[in-house]
Each structure stands twice: as structure tokens, then as C-alpha cells.
Amino acid sequence: MEPISAHASARLRTRTRVVLGGLAVLFFGMSVLFFLNLWGRTGPQPAIPPVDLRFLDTSPWRRTYADLVKAREDLSDYDCYACHDKAKPPVLRFDSGHRLLVPQEHANIVMGHGSHDRNNLCYNCHNEPNLATLQVRDGRELGFDNIPPLCGSCHGPTYRDWEAGAHGRTGGYWDRSKGAATRLSCANCHNPHSPRIPAREPAPGPHALRTAGPPPLPGGLLR
Amino acid sequence: MNASPSNSSDKTSDAAMSRRSFLRGAAAFGGLTALAASLAPLLKLHEFTSTEEFLQKYYKEMTPDDMARVLRRITAEVEREYGVRPHVRDLKPMDGVEFIYALNLTRCIGCRKCVHACVAENNPSLNPEIQYIRVLKMPHGSMDVEKGDHTYADKEVPEKGFFYMPVQCQQCKNPPCVKVCPVNATWQEKDGITVIDYDWCIGCRYCEAACPYWARRFNFTKPEIPKDRLNPDMAYLGNRPRKQGVMEKCHFCIQRTRVGRYPACLEACPVGARKFGNILDPESEVSYILREKRVFIQLKEEMGTSPRFFYYFDK
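Chains P and V, in that order, are what the protein sequence lines are.
With the numbering used here as the guide, the letters of the first sequence map in order to residues 1 to 223.
With the numbering used here as the guide, the letters of the second sequence map in order to residues 1 to 315.
In isolation and in its complexed conformation, chain P is listed as follows (with noise of 0.2 Å):
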């Protein structure tokens, strides 16, 4: 090999030292940068808030003539003859489609039962000549603290599967030797008078992570 001549070593030496302090410089920089966060990279993801307690309510819908028997709340609603007559049964009427005119003391009453809502002759479920009662068609007479075999005339399939525990909600024990399993009635999630379930809000869904994060943290120079 030939020797390295002076002028050229010197040469070699100074370049190394360029690159070197270069090198240095450059990683030197590349900290600062990171540490005064110049580029904005994001905090923390926003704390999600434990969902509204309504949505963990899981008491029934609706308070059946029974639930107020039961919390000995106002029952004037049920008195019927405050206002009717006994001896006087009230008449129906109804406009040129055949729907129900609802009087103006029953305006609080929004009829859909059935398809078309064709179930709206009331005494197909109350009793015509004692308004405190209701009837099932076959003649029988049923209070208004026992709706289901009422409802059950009309929906048998429902109301079998309702007997066995297959329709409606249920609570409590599956195993009734170590508890009694809690049965809601007809009327605890229907309304007789317009019985299919009303939509509404749904609970918040999964928060999706990194979509809506907080602003940048300072700097954001080089974003």
C-alpha cells in the first residue's frame, strides 16, 4: 500500500471532524425538537364519562293497574263512573274510514291497535255494561289487575309462550329452588290501546379511539 501523504491525512481528518460535528449537531437539534414537541403529536385520549344512569334503570316501562294497587297510588283514573252514567253505557262513533273518535276526556288515549288499527271498538276488551271491568269475548269477566288471559284471547301463541317464560321480561331466579323469577304483565311494556313498542334513544355506542382526540399539545410548528 502507499503511504498516505501528510497533505492528504490532513484532508481525511478535517473531513471526519465535519461529519462528526454534523452528526452531533443534527442529533443535537432532533432532541430539542422532540422534547419542545414541535410537531404537535397528541395528549392523552379524552376520559370517557361512564354512562347516564337512565340507561341502567331497569324498571319496567309501564305501571299496570296492579303496580297501583299495589304502591296504594291514585286510582281516580279507573273510577269511570265519576263521570258516566251506569245506566248508560257510552256510545262509540266513529268517522267515514271507521276510525274511533276519541271524546276530548280521552284525549290523553291515542289509538293503534292492530293492523291499520282496526282493533278499535272499545268494548272488544271493555266491559260495556260495567265500564270498572273488562271483558274477554267469550263472556268473561276480568278485572283490570288480570289483563293477560284477556289479551291472550286474541294472542294465543303469545300468551303460551308468555306462560312458559319465553315472551316478555323476566328477572330474578332461573332456578326456582333458590328464588322466585319476577314476571312483568301485558300492560308493563304495552299500552293496551296502541301496544307495539315506541322507538327510542339508544345507549351511547362503543367510543371509537384516536377519531376525536384533544387539540395538539404546544408547538405544532412542523405539522
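Read the hints as simulated data drawn from the structure, not as lab findings.
Be careful, since some hints might not be right.
These stretches of chain V come out as covered by chain P in the derived footprint (C-beta under 8 Å, 3 or more residues) [to be verified]:
(1) 67-76
(2) 102-114
(3) 119-130
(4) 150-156
(5) 260-272
(6) 278-285
Pairs of lysine to aspartate or glutamate, DMTMM-like flavour, derived with a Cα cap of 20 Å [claimed, not checked]:
(7) Lys178/P / Glu61/V
(8) Lys160/V / Asp149/V
(9) Lys315/V / Glu302/V
(10) Lys178/P / Asp197/V
(11) Lys44/V / Asp154/V
(12) Lys227/V / Asp52/P
(13) Lys190/V / Asp90/V
(14) Lys178/P / Asp66/V
(15) Lys315/V / Glu163/P
(16) Lys57/V / Asp90/V
(17) Lys178/P / Asp154/V
(18) Lys190/V / Glu128/P
(19) Lys86/P / Glu141/P
(20) Lys160/V / Asp52/P
(21) Lys293/V / Asp145/P
(22) Lys57/V / Asp197/V
(23) Lys155/V / Glu201/P
(24) Lys222/V / Glu98/V
(25) Lys86/P / Glu128/P
(26) Lys155/V / Asp57/P
(27) Lys92/V / Glu61/V
(28) Lys178/P / Glu53/V
(29) Lys243/V / Asp281/V
(30) Lys178/P / Glu224/V
(31) Lys155/V / Asp175/P
(32) Lys92/V / Asp175/P
(33) Lys179/V / Glu189/V
(34) Lys88/P / Glu128/P
FRET-style restraints, in silico, Cβ to Cβ [unchecked claim]:
(35) His84/P / Leu280/V: 28 to 38 Å
(36) Ile197/P / Tyr58/V: 21 to 31 Å
(37) Gly112/P / Val84/V: 44 to 54 Å
(38) Leu53/P / Ala36/V: 42 to 52 Å
(39) Arg72/P / Thr151/V: 15 to 25 Å
(40) Val84/V / Arg72/P: 33 to 43 Å
Note that the Cβ used here is the ideal one computed from N, Cα and C, for glycine as well.
Place chain V on chain P using the hints.
Same frame as chain P, but now just chain V:
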């Protein structure tokens, strides 16, 4: 001691402060610092595991005394962490019981109450969020879960033209997740529930990859549960608080169902779409449903997992 050796050592040290020895010293110092820094997390080891937990036996090999000790440890840990004294038990499967879940897709309205009842019952992390139940909003006419959307944010449900299908652990009779676990930290119990021992899990996430139902969840960080949302009624294989780095999933609310109660998601369902019970009892609701109803779907039946979770339609 005379002066000359110290003089000479001064001299040598002066001479030794060459570039080479400086670099060597700096490298050694840097190396030691790096080593110390890399070992520093060990100082926080006590936050992650205790000696007692580290030396704990495998669940199936524990004697009742061992278990009592473990339950005492968990009680103390939960009390220290959350300030709530929990009631932790080790509940064994009951004889003559095999659990089945049936879900009526005709009734489900997609209100997600089951999701949050489950969260309130089972103490999963709220931040980051872990939920066992995923409610899929699916277009009518298809059972293809790929078409489902679980992030729907509609103002009102149900929406016309869609049905809603909640998916959670299907408690398979032939569970792929159990087969892949390298340490047997998850297994199927005789009542059909596939359980996880959170103290035995090493967090490899093989089970998560093996599950075709996307049912297993991993604790990427230390779970966060607000104190006022902690459910103190706990079971060892059930809803006791988990730690970072372990898997969890739906366990049919072991802490409730193994004492005879219904699962939390069922009790919360406002339309009664969820049915649960003992399939070995011919009088149970689920026996009635499997006998009387017509259309059943075991999700991804073709995988051969044989789920204990049945979807059905009313009409």
C-alpha cells in the same frame, strides 16, 4: 505512605486521561446508566404483582385453603385500590346444569341496555373502554356479520329495514380459544361456561385471534373503574377487577348465574329478547324455546364451534 507513589499515581492518572480512557469511561458510565434505566420498571413491580400472586398455584390444583388465601388477598387488593370491601367468592359449576342463551332477534330493538348493564355488573375497564357485548345493526335479509355496524348512533331505534343482533361470547361447546391457550389459563367448565383465570393468563392474545366471534377483550392498560361504579359482588373466575395485560370476556355472569340468578344483560333487556337457563331442565324457558320455536341460528355454524348461544325468530 510516602509522597512519591501518590505523585507517580497523579502522573499516571494525568497520562491515563487520554482520549481512549475517557471514551472507555464514558461508555461504561453510559452503559451502566442505560442498564439502570432499563431495570427501573422493576421497582414498580409490586404494583403489578405481589409475591403471593406470583407464587399462586394453578386454579385446578388449589386446595380450599389455598383458595381461601387467594380470596383474602383479592379482597385486600380491591379494598386498597377502590376503597370498597368486595364479596369475592369462588363459585363452582352446579351439578346437572348446562347453560344456554337464546336471543329473540324479532324482539331486539338495539337499545344497547344490555351492553351497559353488563359493564355495570362485570367491572371491565371504563377507560379505555371494554365492553363484552357488541350490538350489530344489520340490514334485513342477511345474517352476514360483515354487514353489521356496531357504532350506530341513531337518534331512535329500531330503524326500519334493519334488525339488531347483540354478539357476545357464544360459550362454544368446541371453543377454539381454549385450544390455543399455551398455559391453560382458559378452559370450559362443566356447566358450559368458558372461564379465564386472570392470575394465570400471560396476555399472549392467541385466544383473541382464535375466537371467530370477536368476543375476547385485552387489557392494554391498567383498567380504570370509578369507585362508585364498582360492583362489589365478585367471583374469582368472574367479575373481580382485572389487571393490565390479561384477557377477559363474557362469562354468563358467573357471580349471578352460579347462585341461580339471571345474567345482568337479560334482566336489563326491556323487550325480553334475552332468555337464559338450564338446557338439561325440560321445564326451563330455554328448553321450551328450543322445542317450540322454529328458526335457529348458531352464529358462524360452519366453523364447527357449536355455540351455546342461539339466535331465533318468533314468527
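For each hint, the structure was consulted:
1. Using a Cβ-Cβ cut-off of 8 Å, 0 residues of the segment 67-76 of chain V lie near chain P, which falls short of the minimum of three, so the contact claim is violated.
2. Check on the segment 102-114 of chain V: 5 of its residues sit with their Cβ under 8 Å from a Cβ of chain P, so the three-residue criterion for coverage holds.
3. For a cut-off of 8 Å, the count of residues in the segment 119-130 of chain V with a CB near a CB of chain P stands at 6, and the three-residue condition holds.
4. Requiring three or more residues with a Cβ within less than 8 Å of a Cβ of chain P, the coverage given for the segment 150-156 of chain V holds, as 7 such residues are present.
5. With 10 residues having a beta carbon nearer than 8 Å to a beta carbon of chain P, the segment 260-272 of chain V meets the requirement of three or more and the stated coverage holds.
6. Counting residues of the segment 278-285 of chain V whose CB lies closer than 8 Å to any CB of chain P gives 3, which reaches the minimum of 3, so the coverage claim holds.
7. Taken as a hint, the Lys178/P and Glu61/V pair is broken in the structure, with Cα atoms around 29 Å apart against an allowance of 20 Å.
8. The suggested pairing of Lys160/V with Asp149/V holds, with an alpha-carbon distance near 15 Å, which does not exceed 20 Å.
9. Among the hinted pairs, Lys315/V with Glu302/V is inconsistent with the structure: their alpha-carbon atoms are about 24 Å apart, more than 20 Å.
10. With a CA separation close to 27 Å, the supplied pair Lys178/P and Asp197/V exceeds the 20 Å bound.
11. Distance check on the hinted pair: Lys44/V and Asp154/V sit about 45 Å apart at the alpha-carbon level, beyond 20 Å; violated.
12. At roughly 16 Å between alpha-carbon atoms, Lys227/V and Asp52/P fall within 20 Å of each other, so this suggested pair holds.
13. The suggested pairing of Lys190/V with Asp90/V holds, with an alpha-carbon distance near 15 Å, which does not exceed 20 Å.
14. The straight-line distance between the Cα atoms of Lys178/P and Asp66/V is roughly 28 Å, outside the 20 Å bound, and the hint therefore fails.
15. A threshold of 20 Å between alpha carbons decides the hint, and for Lys315/V with Glu163/P the separation of about 18 Å falls inside it, so the pair holds.
16. The hinted pair formed by Lys57/V and Asp90/V meets the criterion: a straight-line CA distance of about 15 Å does not exceed 20 Å.
17. For the hint linking Lys178/P to Asp154/V, the alpha-carbon distance of about 40 Å lies beyond 20 Å, and the restraint is violated.
18. With a CA separation close to 58 Å, the supplied pair Lys190/V and Glu128/P exceeds the 20 Å bound.
19. A distance of roughly 17 Å separates the Cα atoms of Lys86/P and Glu141/P; the hinted pair therefore holds under the 20 Å criterion.
20. Between Lys160/V and Asp52/P the alpha-carbon distance is near 26 Å, which puts this suggested pair outside the 20 Å criterion.
21. At roughly 30 Å between alpha-carbon atoms, Lys293/V and Asp145/P are farther apart than 20 Å, so this suggested pair is violated.
22. With a C-alpha separation of about 11 Å, the suggested pair Lys57/V and Asp197/V falls inside the 20 Å cut-off, and the hint holds.
23. A threshold of 20 Å between alpha carbons decides the hint, and for Lys155/V with Glu201/P the separation of about 6 Å falls inside it, so the pair holds.
24. A threshold of 20 Å between alpha carbons decides the hint, and for Lys222/V with Glu98/V the separation of about 34 Å lies outside it, so the pair is violated.
25. Distance hint between Lys86/P and Glu128/P is fulfilled; the C-alpha atoms sit about 10 Å from each other, no more than 20 Å.
26. For the proposed pair Lys155/V and Asp57/P, the alpha carbon gap of about 19 Å is at most 20 Å, so the pair holds.
27. A distance of roughly 14 Å separates the Cα atoms of Lys92/V and Glu61/V; the hinted pair therefore holds under the 20 Å criterion.
28. Proposed proximity of Lys178/P and Glu53/V is contradicted: the alpha carbons are some 34 Å apart, above 20 Å.
29. A threshold of 20 Å between alpha carbons decides the hint, and for Lys243/V with Asp281/V the separation of about 37 Å lies outside it, so the pair is violated.
30. Pair hint Lys178/P plus Glu224/V does not hold up; C-alpha atoms about 34 Å apart against a cutoff of 20 Å.
31. With a CA separation close to 38 Å, the supplied pair Lys155/V and Asp175/P exceeds the 20 Å bound.
32. Proximity of Lys92/V to Asp175/P is assessed by CA-CA distance (about 15 Å); at most 20 Å being required, the pair is judged to hold.
33. Restraint check for Lys179/V and Glu189/V: satisfied, since their Cα atoms lie roughly 14 Å apart, inside the 20 Å limit.
34. For the hint pairing Lys88/P with Glu128/P, the CA-to-CA distance comes to about 9 Å; that is within 20 Å, so the pair holds.
35. Separation of His84/P from Leu280/V is about 55 Å and departs from the stated range, judged on CB atoms against 28 to 38 Å.
36. At about 49 Å, the beta-carbon gap between Ile197/P and Tyr58/V misses the expected band of 21 to 31 Å.
37. Between Gly112/P and Val84/V the beta carbon distance is about 47 Å. The supplied range of 44 to 54 Å therefore holds.
38. Checked against the hint of 42 to 52 Å, the pair Leu53/P and Ala36/V passes, with Cβ atoms roughly 48 Å apart.
39. Take Arg72/P and Thr151/V: their Cβ atoms lie about 46 Å apart, and the range 15 to 25 Å is violated.
40. Range check, Val84/V to Arg72/P: about 36 Å between beta-carbon atoms, so the 33 to 43 Å window is met.
Checked against the numbered hints above, the structure violates hints 1, 7, 9, 10, 11, 14, 17, 18, 20, 21, 24, 28, 29, 30, 31, 35, 36 and 39; every other hint is satisfied.
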